[in-house]
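Chemist: Each chain, written out:
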Amino acid sequence: MSRRVVITGLGIVSPLGCCVGEFWQRLLAGERGFSRIGRFDPVGLRNERAGEVKDWAFDAAAFGLQEPPSLASQFALVAAAEALRDAGLSWPLVTAGLQAACVTSTNFAGADRWEQFVRAFLAGEPRAELFASAAFGETPLLMREVFGLSGPAGVTSIACSSGAAAIGLAADWVREGVCGLAIAGGHDCLSPWPLAGLSALHTITAEDIHPFSADRSGTLFGEGAAYVVLEPLDTARARGAAAYAEVAGWAQNNNGYHLTAPDPGAEGMTQVVAACLADAGLSVEEIDYINAHGTGTQPHDPAETLAIKQVLGWRAYQIPISSIKGAVGHLMGAAGAIEIVATALAIAHGAVPPTAGYTSPDPTCDLDYVPNVGRPATVRAALSISAGIGGSNACVALRRVE
Amino acid sequence: MLPSPVAVTGLGILSPMGIGRHATAEALDGGRANLGPPTVFDAALYSVQRAGEVPGFVPKALLETPKTYLDRCSALTLAACYLAVRDAGLQWLESLPERRSLSHGTAFGCLDSMMAFTSRIQAAGAKSASPIVFSHSFINTPASLAAIEYSVRGPAPTFASGDLAGAEAIIYGAHLVGSGTVDFCLAGGAEALSEALYAALDDAGRLAAGLTPSEASVMLVLEPLEAALARGAGIVAVLTGAALAGSLSQALTAAGAENVQPWVAPLDWGHAFGAEFPLRVATAIIAGTERAAVGISTQLGGAAVVLEAYK
Numbered sequence: 009m010s011r012r013v014v015i016t017g018l019g020i021v022s023p024l025g026c027c028v029g030e031f032w033q034r035l036l037a038g039e040r041g042f043s044r045i046g047r048f049d050p051v052g053l054r055n056e057r058a059g060e061v062k063d064w065a066f067d068a069a070a071f072g073l074q075e076p077p078s079l080a081s082q083f084a085l086v087a088a089a090e091a092l093r094d095a096g097l098s099w100p101l102v103t104a105g106l107q108a109a110c111v112t113s114t115n116f117a118g119a120d121r122w123e124q125f126v127r128a129f130l131a132g133e134p135r136a137e138l139f140a141s142a143a144f145g146e147t148p149l150l151m152r153e154v155f156g157l158s159g160p161a162g163v164t165s166i167a168c169s170s171g172a173a174a175i176g177l178a179a180d181w182v183r184e185g186v187c188g189l190a191i192a193g194g195h196d197c198l199s200p201w202p203l204a205g206l207s208a209l210h211t212i213t214a215e216d217i218h219p220f221s222a223d224r225s226g227t228l229f230g231e232g233a234a235y236v237v238l239e240p241l242d243t244a245r246a247r248g249a250a251a252y253a254e255v256a257g258w259a260q261n262n263n264g265y266h267l268t269a270p271d272p273g274a275e276g277m278t279q280v281v282a283a284c285l286a287d288a289g290l291s292v293e294e295i296d297y298i299n300a301h302g303t304g305t306q307p308h309d310p311a312e313t314l315a316i317k318q319v320l321g322w323r324a325y326q327i328p329i330s331s332i333k334g335a336v337g338h339l340m341g342a343a344g345a346i347e348i349v350a351t352a353l354a355i356a357h358g359a360v361p362p363t364a365g366y367t368s369p370d371p372t373c374d375l376d377y378v379p380n381v382g383r384p385a386t387v388r389a390a391l392s393i394s395a396g397i398g399g400s401n402a403c404v405a406l407r408r409v410e
Numbered sequence: 330m331l332p333s334p335v336a337v338t339g340l341g342i343l344s345p346m347g348i349g350r351h352a353t354a355e356a357l358d359g360g361r362a363n364l365g366p367p368t369v370f371d372a373a374l375y376s377v378q379r380a381g382e383v384p385g386f387v388p389k390a391l392l393e394t395p396k397t398y399l400d401r402c403s404a405l406t407l408a409a410c411y412l413a414v415r416d417a418g419l420q421w422l423e424s425l426p427e428r429r430s431l432s433h434g435t436a437f438g439c440l441d442s443m444m445a446f447t448s449r450i451q452a453a454g455a456k457s458a459s460p461i462v463f464s465h466s467f468i469n470t471p472a473s474l475a476a477i478e479y480s481v482r483g484p485a486p487t488f489a490s491g492d493l494a495g496a497e498a499i500i501y502g503a504h505l506v507g508s509g510t511v512d513f514c515l516a517g518g519a520e521a522l523s524e525a526l527y528a529a530l531d532d533a534g535r536l537a538a539g540l541t542p543s544e545a546s547v548m549l550v551l552e553p554l555e556a557a558l559a560r561g562a563g564i565v566a567v568l569t570g571a572a573l574a575g576s577l578s579q580a581l582t583a584a585g586a587e588n589v590q591p592w593v594a595p596l597d598w599g600h601a602f603g604a605e606f607p608l609r610v611a612t613a614i615i616a617g618t619e620r621a622a623v624g625i626s627t628q629l630g631g632a633a634v635v636l637e638a639y640k
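Residue numbers (this note's numbering), protein chains in the order written: chain A, 9 to 410; chain B, 330 to 640.
These aren't lab readings, by the way, just hints derived from the structure by calculation.
Warning: the hint list may mix true and false statements.
Unchecked claim - Mimicking EDC-like on lysine to aspartate or glutamate, the simulated pairs with C-alpha atoms at most 20 angstroms apart in a straight line are:
| # | chain 1 | residue 1 | chain 2 | residue 2 |
| --- | --- | --- | --- | --- |
| 1 | B | Lys456 | A | Glu215 |
| 2 | A | Lys317 | A | Asp376 |
| 3 | A | Lys317 | A | Asp242 |
| 4 | A | Lys62 | A | Glu39 |
| 5 | B | Lys456 | A | Glu56 |
| 6 | A | Lys317 | A | Asp370 |
| 7 | A | Lys62 | A | Asp49 |
| 8 | B | Lys456 | A | Asp49 |
| 9 | B | Lys389 | B | Asp532 |
| 10 | B | Lys456 | A | Glu123 |
What the hints assert, rightly or not - Incomplete in silico selection of chain A near chain B, CB under 8 angstroms:
| # | residue |
| --- | --- |
| 11 | Leu53 |
| 12 | Arg57 |
| 13 | Glu123 |
| 14 | Gln124 |
| 15 | Ala131 |
| 16 | Phe139 |
| 17 | Tyr265 |
| 18 | Gly273 |
| 19 | Gln279 |
For each residue, glycine too, the CB sits at the ideal point set by N, CA and C.
Start from the sequences and build out the full structure, keeping to the hints where you can.
Modeler: Right, here's the structure in full:
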């Protein structure tokens, strides 16, 4: 069985708003969602600013829950619920006869609950409910219960490529008939555990994030969730659901080189972009936009630029390429997913988001990065590229549905 | 179903039944696994002192290259890869790196490193953070280290879906190979004994209720049956079906397992969480079953594969 798979619903929790409409409007306007971290004491981190979700309130009862789950799972449930509503679906999905699955992704799962568990454990009072809420399996379990999913649930975690891989894998499941519909995406929350580690690795800038700019010095992290609804094109059409874009293909791989450093020749990223195009059956001439990983670190941005040029050749110089990390930060396990949502919106609305925080050209980053202001553009097909610690890469190709 | 049959040409296994195929076969015959008080941490404080531990595990004896730091989950993963590649008699480095893949499953990953890292920053602040321990605390660290060790430049995902994790890893790997996307896949799962997990299970009353947490690591070398035959590989089993579904019964049907004898292990090895399904697959192979369906039912869905002995 092989079916065309389309995105019919989008949901977002982000530093630029907790619904797709607000996120997209502010993203196109070049707004930036960074502020001093307020949820915990950031002293000692390399940067006390991050893309925090502000004024967060979670109504557990609205999801039929007795207690709120971990913060990252809260983000995921809210984003997934928006995506289902956006797709014109109500839950429990099982009552509609839909064999619905979910594929979630995260780097740090219930990090807030893990930190509470560690404190309790060290005090000699380990609490099982904190450990369970910190586990990677919490979110898909909740999604199955809350949304009435009768299909399988998966969790992928390949560091900062996780969100893209989750959407790619879920598209495969729908394409191959493992399920009739899938909710897929990623989520993560800011907390001392990941931020202390990313500070120690010097991935975080001590200043500001400037993707693809000459004065880039590192990234800023953010939090949130992005989920999409994927379904076969024929069933979406049959129920009158509009499609943002088709998931034309995807690929994932590993550099097989180093745990934390990108391979200098960008071979892994080059191969994943080429493999994605091949899987999608797209030519480079059909690609009108690339949503780049664009972390703003010294080694990453030239490597990604090189990979794009190695695959797209002359076409790389003709198309807009942007990183939304300068606007929302690096959302870790949700990064790939929110960037795919932005890519789908670019196709659907005929506009490409800017690289917020861009300052000055770098000779090793010599493409059109859409500096600071979004612009109208006809996007027939687009790529979203992700990369992560551990050498993981993923690339997803979206195509406009005529 | 699979697009085409997939050969298992190598098997690396470490579990409470021992290290390697031979030790596991003896344990299966004798009906004995290493279940008892854990030695990797002091369990005296807890209400029950019983876990399944890999006996005599010395990581450095089972590594391709020396390592300065390894979480136990990563060490178990690398050791299973080492055993699997050797078992396959594989000229691994003769294959194209981008045509090699690795598919790994674990429910909890590197808990000891997560605990070491988090407890240190809680005690001494963010500036005390260790970049080495942090980079080894990701749930995909075991797969990433194995990808580096074995020059895997194709897909190398980690599945972290609780007890379903190892099943998703094997089924994903089987489909990669069966569809011709890659030439080889190292597929399986690992779980390490950790005091954090043990303490949580004890607090939940699950140890007292009879659950024995176990550690295990299993990796299978998968390759297309035709290619394995062409290179004269020793074929230890053939996967003819592999499916994931909302329930075990649906997965068995989708895998073509109707009328196939389900595999039931002849001994208790405890519960290995994300490595449980790979352990069931490995023991079915080692026991030499002619044809068997291996399944798992979890809170996140069901999975099944159909295994046949190659004649």
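Chemist: Give a verdict on every hint.
Modeler: These are the hints, each one checked on the structure:
Proposed proximity of Lys456(B) and Glu215(A) is supported: the alpha carbons are some 17 angstroms apart, at most 20 angstroms. Annotation: proposed proximity of Lys317(A) to Asp376(A) holds, straight-line Cα distance about 12 angstroms (limit 20 angstroms). In summary, the hint linking Lys317(A) to Asp242(A) is not supported, as the alpha carbons are separated by about 36 angstroms, beyond the 20 angstroms threshold. As the CA atoms of Lys62(A) and Glu39(A) are separated by approximately 15 angstroms, the hinted pair is consistent with the 20 angstroms bound.
Simply put, Lys456(B) and Glu56(A) have alpha-carbon atoms about 13 angstroms apart, close enough for the 20 angstroms limit, and the pair holds. Restraint check for Lys317(A) and Asp370(A): the C-alpha separation of about 15 angstroms stays at or below 20 angstroms, so the hint holds. The suggested pairing of Lys62(A) with Asp49(A) holds, with an alpha-carbon distance near 16 angstroms, which does not exceed 20 angstroms. The suggested pairing of Lys456(B) with Asp49(A) holds, with an alpha-carbon distance near 13 angstroms, which does not exceed 20 angstroms.
Note on Lys389(B) and Asp532(B): the hinted pairing is violated, with a Cα-Cα distance of about 34 angstroms set against a maximum of 20 angstroms. Proposed proximity of Lys456(B) and Glu123(A) is supported: the alpha carbons are some 17 angstroms apart, at most 20 angstroms. Using the Cβ-Cβ criterion of 8 angstroms, the hint placing Leu53(A) at the interface with chain B is satisfied: the shortest such distance is roughly 5 angstroms. Violation of the interface hint for Arg57(A) is found here, the shortest Cβ-Cβ separation to chain B being roughly 14 angstroms, above the 8 angstroms cut-off.
Nearest Cβ of chain B to the Cβ of Glu123(A): about 6 angstroms, under the 8 angstroms cut. The hint holds. For the restraint placing Gln124(A) at the interface with chain B, the shortest Cβ-Cβ distance is roughly 10 angstroms, beyond the 8 angstroms limit, so the hint is violated. Violation of the interface hint for Ala131(A) is found here, the shortest Cβ-Cβ separation to chain B being roughly 11 angstroms, above the 8 angstroms cut-off. About 3 angstroms separates the beta-carbon of Phe139(A) from the nearest beta-carbon of chain B, less than 8 angstroms, and the hint is met.
The beta carbon of Tyr265(A) comes within 7 angstroms of a beta carbon in chain B, closer than 8 angstroms, and the hint placing it at the interface holds. Contact between Gly273(A) and chain B, as hinted, is not supported at the beta carbon level, the nearest pair being about 12 angstroms apart and thus beyond 8 angstroms. A least Cβ separation of about 6 angstroms between Gln279(A) and chain B falls short of the 8 angstroms threshold, and the interface hint therefore holds.
Hints 3, 9, 12, 14, 15 and 18 from the earlier list are contradicted by this structure; the remaining hints agree with it.
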